[in-house]
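Peer 1: Okay, here's what each chain looks like letter by letter:
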Amino acid sequence: MEAPRKLASELTELLADSLIELQEFRGQLTLVIQPETVLGACQKLQAAGFDLLAALTAVDYWPKQPRYAVAYQLYSLERNEFVGLKVMLADDRVDLPSVEPIYPNANWHEREVFDMFGIRFRGHSDLRRILMPYEWEGHPLRKDYPLGYEEVQFSFNFDEIERRKKYVKD
Amino acid sequence: MLQPQMEITVDELRHLVSDRAVQGDTMLLNMGPQHPSTHGVLRLLLELDGERIVNCVPDIGFLHTGIEKNMEAKTYEKALVMTDRMDYLNNLGNNLCYCLAIEKLVELDVPPRAQVVRVLLTELQRIASHLVWLGTHALDLAALSVFLYCFREREHIMDIFELCSGARMMTSYFRPGGLWRDLPVGFDEAVRQFLSYFPKRIQEYESLLTDNPLYIDRTKGIGAISSAQALRIGLTGPPLRATGLDFDLRKAQPYSGYEEYEFEVPLASNGDTYDRYIVRMEEMRQSLRIVKQALDRLPKGPVRSNNRKFVPPPRSELGHSMEAVIHHFKLWTEGFPAPAGSVYLPVESPRGLLGCHLEGDGGPKPLRVHFRTPSFANLQAIPILSRGHLVADLVAIISSLDPVLGDVDR
Amino acid sequence: MGIEQKLGNLGAVTTTLENAVNWSRTRAMWPLLSGLACCAIEMMATQAADYDLSRFGMELMRASPRQSDLLIVAGRVSRKMAPVLRRLYDQMPEPKWVIAMGDCCSCGGVFNNYAIVPGVDEVMPVDVYIAGCPPRPEGLIHGILTLHDKVMGEKSLRVA
Chain A
1 MEAPRKLASE LTELLADSLI ELQEFRGQLT LVIQPETVLG ACQKLQAAGF
51 DLLAALTAVD YWPKQPRYAV AYQLYSLERN EFVGLKVMLA DDRVDLPSVE
101 PIYPNANWHE REVFDMFGIR FRGHSDLRRI LMPYEWEGHP LRKDYPLGYE
151 EVQFSFNFDE IERRKKYVKD
Chain B
1 MLQPQMEITV DELRHLVSDR AVQGDTMLLN MGPQHPSTHG VLRLLLELDG
51 ERIVNCVPDI GFLHTGIEKN MEAKTYEKAL VMTDRMDYLN NLGNNLCYCL
101 AIEKLVELDV PPRAQVVRVL LTELQRIASH LVWLGTHALD LAALSVFLYC
151 FREREHIMDI FELCSGARMM TSYFRPGGLW RDLPVGFDEA VRQFLSYFPK
201 RIQEYESLLT DNPLYIDRTK GIGAISSAQA LRIGLTGPPL RATGLDFDLR
251 KAQPYSGYEE YEFEVPLASN GDTYDRYIVR MEEMRQSLRI VKQALDRLPK
301 GPVRSNNRKF VPPPRSELGH SMEAVIHHFK LWTEGFPAPA GSVYLPVESP
351 RGLLGCHLEG DGGPKPLRVH FRTPSFANLQ AIPILSRGHL VADLVAIISS
401 LDPVLGDVDR
Chain C
1 MGIEQKLGNL GAVTTTLENA VNWSRTRAMW PLLSGLACCA IEMMATQAAD
51 YDLSRFGMEL MRASPRQSDL LIVAGRVSRK MAPVLRRLYD QMPEPKWVIA
101 MGDCCSCGGV FNNYAIVPGV DEVMPVDVYI AGCPPRPEGL IHGILTLHDK
151 VMGEKSLRVA
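Quick mapping for you: the protein sequence lines, in order, are chains A, B and C.
Sequence positions in the first sequence follow this note's numbering and run 1 to 170.
Sequence positions in the second sequence follow this note's numbering and run 1 to 410.
Sequence positions in the third sequence follow this note's numbering and run 1 to 160.
Calculated directly from the structure, the hints in this document are not laboratory data.
Incorrect hints may have been included.
To be verified - Taking lysine-lysine pairs in the DSBU-like style, the calculated list, with each CA pair at most 30 Å apart, reads:
{"hint": "1", "chain 1": "B", "residue 1": "K78", "chain 2": "A", "residue 2": "K86"}
{"hint": "2", "chain 1": "A", "residue 1": "K6", "chain 2": "B", "residue 2": "K104"}
{"hint": "3", "chain 1": "B", "residue 1": "K365", "chain 2": "A", "residue 2": "K64"}
Predicted model, so just to flag it, every value in this text is computed and none were measured.
Turn these sequences into a full structure, and let the hints steer you where they fit.
Peer 2: See the structure below:
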């Protein structure tokens, strides 16, 4: 476990002005940084050798605040290390600068986060829905969006469900 | 629900296409979701200048299944079933990624026998996935006999999976803590028989394609990309290794005992379609090596962890142990709790880097499961790879990237 | 089928002609290549050498809906894909049949959420449902043979 400790101190020094907290869980490093500094932090990390953006995702902690966390995973080929960045966003301000200028493959990942959570990325070249149909309303992976499942067809709701299925033949 | 706006005007996509399209100089062609060569429901909006592609805009989402949200509504073990269906050519690989993530999150041990069996079956799954890739790739280039040969081999692998778990594809054989149940009698024999004749079959496929001038004409120089560009656009797996960059998670960040096996990671230099083919063919051979080593070293012992807080007891114990009954009841009705915190676990799928971001909140259901799937990231490279090529080359390029739309859309 | 319709119910002649027509329809049904997800892989495996579909006349899968008579919906139908499938179904000329292969298009399958249409029969009428996730190749063949039986029993020549 020596490498993570050295890495941790190096990264703490590198991102001193934007770092809020350094978390280590199960041997994995996560740096929680200020939302607006994510572009600068990624630039510094890329210069330090983290050249692959492995993952970009978001988590919804509703009803806890701050509600959203956007998690980045960066990988450095020469050091062979994964490092995680985390940005916490509150409910009233759900936008972030886009890291697409630095890591072009963030394009589709950020579109997916926008589609599923409604987090806007400023400076993104083409922010539209990617997985849901274009005119879909709502952001499915938010916790207050229902799962949308179909109920079991018992006799009390038999007709209601039957009306939806025009083509079912007996 | 059935009248959504299927026609999108050029105005809305103006920022994606070049000016020549708006003037009518180039043609916009829709290579729709239902197409024989798009490997599933992928829609491509092509901007063509004659037959040359000026720009290509992929449109995905036709197979979006809401797996991630659905997994949040189930307990950890019950949500495992959904991972089979994501990348449906690499079922055991997806299971492995998710199980390793759970085991890391709750710090669950896995017995050595289970680890070796996991490696064995994952490598067999890798061979099966590459066989389907080879079959459909050759089918796209109109080499039909390779398709039939590959599926014939794959049937043998499916038989082995059916021996172990009862299902050909959606096995859900890997569970948190180890395997579902022990290997059956006859497993050893079946795998050895497979190992004995498969190398000659790989040679057969290579003799049909590798030196074939028709194949070389259609794939050499098509869709070439440099390693720096590939890394920036997020390509991983065989497409990245075909550009010369040695990045294989089985060697870089070994999991489940991979550091104990001897195998090589094939690399190529040009990064074009032909090189991706060479890399995958060689990967099949290396996977065979790993399967043989795993089979030879298979230790005896339990196949699932004994930690009854997370692993249900075997049914034979339920007759005479009250604790077993309580554990069984608790685990199957409520599930086991996971601590609050997130792990990210990357594994090497046949398509590239498959990562599972698993976040728990102290309860029995996951707070967030996100799979960073390789096909989703690899598909972003299609516009770059296909610029300036013909439409027929685009077909070869897509099939060489090996996208599986279940992986892309989840 | 113009002349047969004009002849109407001529008893023994029509029934034999009907049998002949139905028999020929079953022996050369061309499926449309509409594999969506995992079931499509099993459909391809059924098409391949071990379980051969060409012995039932389905040697090739037509890519164009205008040239096919059978739509095998193989895989999960998402909300984005449903109108596309409906359009494909509408583009197929009569006579046409639909097989819903697998659990996801029969009833929604394992998935019960916002993104999947629970059963393709919300979108188009289905003739045969095949269960399984994914159904074994033998299961698909059994479904196709059931469809053949159904077609043989159809009254295709009576003026409906």
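Peer 1: Against this structure, judge whether each hint is valid.
Peer 2: Evaluation of the provided hints:
1. Among the hinted pairs, K78(B) with K86(A) is consistent with the structure: their alpha-carbon atoms are about 28 Å apart, no more than 30 Å.
2. Restraint check for K6(A) and K104(B): satisfied, since their Cα atoms lie roughly 22 Å apart, inside the 30 Å limit.
3. Using a Cα cut-off of 30 Å, the hinted pair K365(B) and K64(A) holds, with the two alpha carbons roughly 17 Å apart.
The earlier numbered hints are all upheld by this structure, with none contradicted.
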